[in-house]
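**Student:** This is what each chain is made of:
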Amino acid sequence: KQEVTQIPAALSVPEGENLVLNCSFTDSAIYNLQWFRQDPGKGLTSLLLIQSSQREQTSGRLNASLDKSSGRSTLYIAASQPGDSATYLCAVIDTNAGKSTFGDGTTLTVKP
Amino acid sequence: DGGITQSPKYLFRKEGQNVTLSCEQNLNHDAMYWYRQDPGQGLRLIYYSQIVNDFQKGDIAEGYSVSREKKESFPLTVTSAQKNPTAFYLCASSIGGGPLHFGNGTRLTVT
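First to last, the sequence lines map onto chains L and R. Each residue of the first sequence is one higher than the one before, counting from 30 in our numbering. Each residue of the second sequence is one higher than the one before, counting from 6 in our numbering.
Among these hints, one or two may not hold up.
Claimed, not checked - Some chain L residues close to chain R (C-beta under 7 Å, calculated; not the full set):
hint: 1; residue: N61
hint: 2; residue: Q63
hint: 3; residue: P69
hint: 4; residue: G132
hint: 5; residue: G134
If you are wondering where the hints come from, they were derived from the structure by calculation, not from laboratory data. The beta carbon of each residue, even a glycine, is placed where N, CA and C say it ideally should be.
Just chain L, with the same shape it has in the complex (with noise of 0.2 Å):
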């Protein structure tokens, strides 16, 4: 069963620093991966894919890179703003079963 984890829970860094979210999985079989965006009470906003093909897919500020051998993601967010606070999670997509394991997110702030 795939296990997804994301550390830390919570960061909290002042604004304009550059920063690193971490995603790792235990089944590194042919998965495509997606991060996402939550602010408190909405739905999930889509910030990047990465297909099981692609090592890293990049968005204005935003990073995410891939590496199915390790099992891990990672989102580089550059030049933080205090606009970029929310709870970031990383999800890992079974293109064949159709289903995704979401993990429980890591809440970021960003202090002006």
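The hints should help you fit chain R onto chain L, whose structure is shown.
**Tutor:** Just chain R now, with coordinates in the frame of chain L:
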């Protein structure tokens, strides 16, 4: 604009009553999903459907039921058999193994 609509945003029910949560999508996605989220936790899969008139149980299906009579709609019924139904419920859709798209969620409170 294409997207996923969940209604209502907030729902209150008395213990012992069944309640149905609505999820509609106009993205023309084949697959639809229901997740439950409890405070400080990730999402747990309740049911999913990859095609009309077919659906499968997820990890926590007990006490829930679904139907998929139309491609656009995937309603979730929380039955009185669900022992702890108070939670935030999220609906999502996708094409095959593509990116998941989420609605804004329904917060259900049962007292």
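**Student:** Determine for every hint whether it applies to the structure shown.
**Tutor:** Right, here's what the structure says about each hint:
| no. | hint | in the structure |
| --- | --- | --- |
| 1 | N61 | 6 Å, holds |
| 2 | Q63 | 6 Å, holds |
| 3 | P69 | 11 Å, violated |
| 4 | G132 | 5 Å, holds |
| 5 | G134 | 6 Å, holds |
In summary, the one numbered hint that this structure violates is 3.
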